[in-house]
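Here the protein sequences come in this chain order: A, B, C, D and E.
Residue numbers for the first sequence follow my numbering, beginning at 1 and rising by one.
Residue numbers for the second sequence follow my numbering, beginning at 1001 and rising by one.
Residue numbers for the third sequence follow my numbering, beginning at 2001 and rising by one.
Residue numbers for the fourth sequence follow my numbering, beginning at 3001 and rising by one.
Residue numbers for the fifth sequence follow my numbering, beginning at 4001 and rising by one.
It is possible that some hints are incorrect.
[Unchecked claim] Derived DSSO-like pairs (lysine-lysine); straight-line CA-CA distance at most 27 Å:
hint, chain 1, residue 1, chain 2, residue 2
1, C, K2118, C, K2495
2, A, K144, C, K2040
3, E, K4240, C, K2699
4, C, K2699, C, K2617
5, E, K4059, C, K2675
6, E, K4247, B, K1320
7, C, K2040, A, K98
8, A, K144, E, K4249
9, A, K130, C, K2040
10, A, K174, C, K2040
11, C, K2621, E, K4064
12, B, K1320, E, K4249
13, C, K2699, E, K4059
14, B, K1190, D, K3129
15, C, K2539, E, K4194
16, A, K122, C, K2675
17, C, K2207, E, K4240
These are calculated hints, taken from the structure and not from any lab test.
No experiment lies behind these values; they were computed from the predicted model shown.
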Amino acid sequence: MLNIRIVSKLFDSGMRVVSRRRGLMALLMACCLGLGSGVAQAEVPNAVAPKGTHSGEHVPQPIDFPHDIHADINGINCMYCHTYARRSKVAGIPPTSKCMGCHSVIATDKPRIQQLTEYWEKNEPPRWKKVHDVPDFVHFTHEKHLQRFVFENEGMNVENVDQVCAFCHGDVKKMTVAEKTKPLTMGFCVRCHEANEGPSDCWHCHK
Amino acid sequence: MQTKDINENIAWAQINADVLRSMESPRMGYWIAVAACLAMVACAVVAEIYQYQIGMGVGNLNWPHMWDIYIATFVFWIGMSHSGTLLSAILHIIHADWRKPIYRFAEAMTTFSLMTAGLFPIIHLGRVWNMYWVLPYVSDRGIWPNYRSPLVWDAFAITTYLTSSALFLFIGMIPDLAICRDNARGWRQKLYTVLSMGWQGDDRQWRNFRKIYLLMACFLIPLAVSVHSIVSADFAMSIMPGWHITSFPPYFVAGALYSGCAAIITLFIILRYFFRFDEYMTIPILEKTCKLTFAIAMVWSYLTLIEFASVWYGHDLVAKESLMERFVGPYSPFFWLMLFCGIICPFALAIEKMRRHLPTMFVVSLLLNLGMWLERWMIVTPTLATSHYPFAWDVMWPGMVQWAIVFGSFGWFGLLFLIFVKVFPSVSMYEVKEMVFHRRHAHRPDLAAKFHRRSSDQQPGDTASGQPRPEGA
Amino acid sequence: MSGNDINRRDFLKFMGLGGAGAVTLSGCDMPTTVTLEEGKEEVVSYLAPEEYVIPGIGVWYASTCQQCPSGCGVHGRVREGRVLKLEGNPDSPVNAGVLCQMGQASLQGHYNPDRITKPMVRKGGNLTEVSWEEAIELVNSKVGAANGKVAMLTGAMSGHQAELMDTYLAKIGGKDHFVYETINNAVAEAVNAEMFGSAQPRYNLDKAGAVLSFGADFLATWVSPMHFSQQYAKFRTGNRGVLIAVEPNMSLTGANADMWVPAKPGTEGVIALGVANVLISKKMVDGSVLPVDALATISQYGVDKVTAETGVGGDVLVRIATYLKERSPSLVLAGASAQSNTGGSQVVAAVNALNILLGNVGKTIGAEDAFPVKSLAPRRGSSAALAAFAKGADAGDYEVAFIYNTNPLYSAPAGLELNGKLAKVGLKVALSMFPDETTLAADVVLPLASPYEDWGTQVPGYLPSEGGLNVQQPLMRPLYSTVKGLGDVLLVLAKAAGAEELNQYADFYAYLQAGFAAMPASIKGGMSDAEFWSKSRQKGFVAVANSQGSLNVKVGDLAQVADKAGSDFPMHLAPAARAGMYDGRNANLPWLQEQPDPITKVFWDSWAELHPSTAAKLGVKEGDFIRVESAQGSLEVQVYVYKGVHPDVVAVPMGRGHDEYGRFASREKGVNPLKLIGGDVDAKSGELALYSTKVRVSKTGRSAEMPRLGGSESQVGRRLVSTVSADVYRRTEGGGNNVA
Amino acid sequence: MRRYYVMGLFSNFDEAFAAISDIRDHKIPGVTVDDVTLKSPIEHPEIEEILGDRGSPVPKFALFGAIFGAIFGFFFLAAGQAAFLVQPSGGKPVIPLPSNIVLSYEMLILFGVLSTLVGFFISARLMTKRHPLYSEKVSLDQIGIMLELDEKNVNPIKDLFKEHKVLEIREEVAR
Amino acid sequence: MSLKNVLENWSDYRKGHEQGGHHDYEHMWVMAVDLDKCTGCNACSVACYAENNLAVVGKERMMKGQGMHWLRVERYWDEPQIGGDDGQFQSAGGSFLPMMCQHCNAATCEPVCPVAATYHTPDGLNAQVYNRCIGSRYCSNNCPYRLRYFNFFSYYEESWPEPLNQQLNPDLSVRDKGVMEKCTFCVQRIRTAKDTARREGRAVQDGDAVTACAQTCPTQAIVFGDMLDKESRVSKIWAKQQVELGKTKQVKANPELRGYRILEGLNTDPCIMYLDRVREV
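Could you build all of it, start to finish, from the sequences and the hints given here?
Here is the structure:
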């Protein structure tokens, strides 16, 4: 890799927001952007959570999918539904058949489930609105991030994958319909890449 | 027939009156000129909006002609900007006081041609809206401009040059702005009060003024040289035949001074005619300018020929090919016209009769400027047309959009200049007074002995400053 | 990559269209657009995908390219339900993983914005969109009333669709299935059948040390270009073979030849006999392999006579003869410009005789393997078929004509006067994807699914060793729900015509499956039906065992037909075929329109090739318009001047000059040289003689910039493409030295 | 004791300078040449001989600015290059001297100029209010000699001015 | 501190291309193109259009020289070495040359980009970051091969009328006006190959990443691979031809070997080696 990365290994990768070598500039940058007001987060081993917040708009969806009921109350692992995340660049919306796998028997009396059943019977998947969108010139791979932070991360329990997801998606457990709570800008990515020694080559992420 | 640089018996009040008169309410002719310039600018604005909306291809830019007359015109305007520096800074340092009546508008020309030139790299960008990316600013994303790129050097150099030359113009104008302040009414008074920054002509101000003016001149001369060297680096740092030429930096600097001087002659004649500045912009001063221009023209001609020779005797066949392409290729008519305007025409400046004839000089100066514009075009385009790679050879003629924007740039420059001459004194009043003062005293040996001594040539018996002088000294 | 053993049927049925991450125009932020906004893009999940379908990851499926009759296997990359890119099928015996420009561009046919999406019926003179039921009913009623006066005019066909078409035709009592291809090898097929007992013998370029091609553009358009390209690569490796091309204007093969010799069309046979004469007279070969009367004919073609007739010098003949002998085994081929003449059969006979003389038969020329299931065998195209159809139509033999995969109104020579003759057919049914000239002249238009949406099989016209039946399977769901596959249409028609044995098949897919199940055990290789079916789809083809037979050589009369003298029209017209536009079918593919022609580098337009001496005589230079006139008409076209054309020839490549055929074909029209061609035929085979039309060329005085890519055509002293002599090559890399 | 500002306006420069010479020569006790402020429409370098070399710190500003500009410029560039995520080196070093020297040179001049300007503004006391005794004549063609002095010296000065053909005398109480 | 970093690693930052550069290369993707096998058939070029979302610009713009042919197949009529024509006819055919970005290791386009939109990746690729590009077009001017193409217009507006746009490859962006673009050695395929190898827990092998042109080439004249992998086909060809990266002039034990790099004397250190075309004389 670039020399720069080798250099950055000279310093401990502890609690800093940005690696020290950018020193003054980083400070300046931080002042300019008023960073550092990150949401309190559970610790993920061998990882520095990216900092930055964004107040997302509410995006109306065809069905008000309650993330809180699934992920928080029922404690379903994120990857149970977003199963492509560990295998592909996109996390994917679960196929309608997956929803129906449970909801052909569970909570069939709820209006949202009836809505879902309607779609299923029409043989037509709901058209969801994308909440977490990166520009089209960005190549982002869920797979690699999950590998780095979950599967290849010693001491990381797959049960706690939501903490890794929360790096970029915020605390989805507390939301019904997902909202964007992280800026997902290049600066956001770059700071995390620096802190966690991710690749710094432009063509890793730009296409 | 004028034989003196300036009439040394001219009353100071007359100087003030003459110059302030030039700033008074404009007449019809002025408004027509403004309207013409605005129309030209409008052409360019329309063309630029069209280009911005549709894409860079509308002006016939193509592969391999990625650059064309935008860059040529950019270099031209940068070159023009060297006039002010030359006249003002160099002649100031060598105490050539005939510069005094004409340096103000030359400096204004510097600033305005830079303001025009600076537009071209922006206009020619494919994604104008991201132009600030060439400036080094601390970014969230941790990315910087590429400092290796001569275009970034351009950005640095032009910013520095524009800042410095604008400040130079402004500093040199402060005493005159004070005069304006003292004579103006209404909004103008408010404006000049702010701009003159409390100038009251006391000795502390003059003393520091002298220092800063000299220092700025010292900064500006190397800056001007570096700016045009850097502009030449856009070409010289590339590996293209016909661009990658070692003598480009001095060649560009010489060309810049040349076109700057030619433009000064043009504007000299225009201002003299329209503002009746016959008393200040005198024929002898024009003659001096012309002689200077002639000398520079000869330097430029020499460098041109040397460039051909060095390419010709060099072993690079591709560069040779590119040179021959200029002589006999599709662009050769323009190349020969450039050589005619640049090398033959300046000989008119060497002939006294022609030099003293204003209409002739006006035409000649325009021809010189045309030659200098063509020179830039003939540097940029033929190299792109015929370079290392034969498959990519192509002849391209700039489209209307490009011409409109280049045309409009002259309107823009003219507009800025027209505004300048009505808002600011285009002849330096205080320096003409100085010139008159010193010339008058030069004819009085007694006064000369008394006043024309500088602190450096102290006579024996002078004591340290501030101490009383012994009796009878 | 490839090789997912899957149930394609279910996949297609349930797959959600669009999928995650539907493509949007991305790229670069416009000044006003903030790309990071929530809720601006939609994301649609699958309904119930298969395990292996993962959004964001491409899956490769095997299918077959239908862009020309050579039948290359392809792999299509499918992501989110859309096919994005085709590659050659590495296992395919035809193309072994490579693909030509037409195959690459066939995706643009599939996604073409000008596809016909709804059935149409001519009502009151205009084609009007109707429902499938109405259109089929109309066809059925007309066919029912036609009393067997039904003709099929199609492009080259094979496999189960052809079988089904035969069944249908038999059921309705029709007897005529005309298989028409403008670019064909039909004269040679006829002569080969006679001389070798094998219409399409197998050529082994890779085994040859020298190849003499008389206009056979085997790298671009002739018979099976991708297969021959592979052989060519081997031919050029190791003991590098020498390629000699004799042709009127430079083809892609000619441009790659070591020795390019210009010849007027029709004189190739004379040259071939001249070479044979040199070989015999210089005692390089034993002439006794040929019968006496053939030798007598050859002895008439002495060097002087050949030079007088063709302008090819004796030294050239000797050089050719020496190469052919020294680099034995060699191979002599005859392509379109040699065949498609009034004496085309004789030319091919001379070429074959040369092969026999050189002892190439059995070495570089072998017998073909017929596909064991006869009903699936290829129906190779010919232009005689079109002439026969035209004749029949003119005579009022057909009440109904089905036209599929061919565009005769564009490609028929003017001399055939097809327009008027076709009008005499009562009901013209076009089974078509595109609004081409013929489709728009039809009375019923049935929109077909693209080859990448449809099922089918194909036996390549030229069957390479280990070749067999190609499987064409859909790579994605049809873009339009209102198009149908050819098989499905035929099945519906056949069922309506009373083919009760077909009632068991719900659709063509079932028919195909049953067809595979019914294959002989020798092909199945011991696999169960289901296994065989899935294996075939996975591989993309069904291979058959190689049993190269021997050829029975028979040499007949070799005398050549003399060129027609015509003082009014002194020049030969060469309507050359080029790989990009092919016979005009690719003119609606923008990628191919934008590709500069390999030889002239002209794009988006037609051109005429002239030799510099001819151009000087006419006083024209590159970019000038010339008028090319024949007895049939005239056209005006820009000139490209170069030394790769015979001075007596004006070459105007075919493929452009469409009146219809969608926005891309008609945007920049170009000209159609076929509209200058007369109705001459090769007397023996009845094939249209496309190269025997004589024309007059004159200057128009108009001039314009040539739409040609590239500045200098010379390297101007740079080492861009440098060339070394073959001796050097053999010293350094010959034999086993090669690693590439 | 009250202090006064007194200013005399002269049209004859020789007389004005002579008046200053008189002050320098202690014609009036208690008034030195250091109390003199000369107001002039043009620059008089030669007057320093009479007024004494009062010096100017502007060159020091220029020197400081230039040195700072060059050093800051170089390290700013180098730091940017070293901290850049990718290096568009094209086979060349990350910190290339030729381009960095060129740019440092530009920064030298830019900072030199800006610093000189600041020095000028400070040392010339610009951007302050004009003196109440300022006369518009000074910007035209008259020379003004202004002194700040004790009450007792006002009249002797006026006399001195009158001796040297003063055109106009203005005075005001200093605050 | 940046300053500290600069000072401590000064010698690293001063290493140029001649000293091996400051990249630790992970791969060095190179090509070998056998011009004797290349038939000039255009298949590579069309494959490139299909793979890389290249815009079709139409006749007028092509004629103006505003086309986007990343891989152009050039054809020359002359052969300086052995003479291409016998005076009257083009008797030894034409000379074809597929030209795509040469991915020079000392690329002249890289240092001149004002915003560093083009740079060298740790894979040895000459990258073009579209979203960083501001369109100064200096890189194209400074490319001696003229292999960079500029989006003079918003080509996408007309290039892919519905539903042609469904063919667009989502693995790379569609470029808007004002952006320079060029051959990327199909970086999206390299990326996929690396991801796949990583997923399968192995190193990238020869043949995992193949460019569209190399894959489709009917005569397999184009060979693509990793130079750092000594076992790869392409590095064997380079070794066999005694052509080395990083040299201005090749010194070959056997000067008759065919390998050469185009305009090598300009010291651009291109990553594509061409093999001479061969003709019988």
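Hint check results:
no., hint, result
1, C/K2118 - C/K2495, "holds, 22 Å"
2, A/K144 - C/K2040, "holds, 26 Å"
3, E/K4240 - C/K2699, "violated, 54 Å"
4, C/K2699 - C/K2617, "holds, 10 Å"
5, E/K4059 - C/K2675, "holds, 24 Å"
6, E/K4247 - B/K1320, "holds, 25 Å"
7, C/K2040 - A/K98, "holds, 25 Å"
8, A/K144 - E/K4249, "violated, 42 Å"
9, A/K130 - C/K2040, "holds, 7 Å"
10, A/K174 - C/K2040, "holds, 23 Å"
11, C/K2621 - E/K4064, "holds, 20 Å"
12, B/K1320 - E/K4249, "holds, 22 Å"
13, C/K2699 - E/K4059, "holds, 24 Å"
14, B/K1190 - D/K3129, "holds, 14 Å"
15, C/K2539 - E/K4194, "holds, 26 Å"
16, A/K122 - C/K2675, "violated, 54 Å"
17, C/K2207 - E/K4240, "holds, 25 Å"
Hints 3, 8 and 16 from the earlier list are contradicted by this structure; the remaining hints agree with it.
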